[in-house]
Amino acid sequence: MFVIASGTSNRHVQSLADEVDFRLRDEGRRPLRIEGRKEAEWVLLDFGDLVVHLFQPATREYFSLERLWGDAPRVEWEPAETEA
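The sequence shown: position 77 = 85 (our numbering), numbered continuously.
Please keep in mind that the hints were generated in silico from the structure rather than gathered at the bench. A few of these clues could be false.
[To be verified] Simulated restraints on C-beta separations:
| id | residue 1 | residue 2 | range |
| --- | --- | --- | --- |
| 1 | GLY78 | ASP34 | 29 to 35 Å |
| 2 | SER23 | GLY78 | 27 to 33 Å |
| 3 | GLU89 | ASP57 | 25 to 31 Å |
| 4 | GLY36 | ALA66 | 31 to 37 Å |
Using N, Cα and C, we set each Cβ at its ideal position, and we do this for glycine too.
The whole structure should be built from the sequences, with the hints applied where relevant.
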């Protein structure tokens, strides 16, 4: 399974990567590999059966992974509302 998401800045993408890593480690899952964390234009977290791609918007548009895997089933996700 692939998860493709975007952040709004380098720091935001790094924070998203840190949170995914933290949450999955909390579930006993450790990444096999993490790429791009320092630059944070495109961070890839490989958990074997789950690969998480985190992009800055321009980089996501340029590589257009959704187009490459156009035949794959898509699951749209909207974040839940949170209390302020």
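Hint check results:
1. GLY78 to ASP34: 29 to 35 Å: Check passed, 33 Å falls within 29 to 35 Å.
2. SER23 to GLY78: 27 to 33 Å: 29 Å, holds
3. GLU89 to ASP57: 25 to 31 Å: 30 Å, holds
4. GLY36 to ALA66: 31 to 37 Å: 35 Å, holds
The structure shown violates none of the earlier numbered hints.
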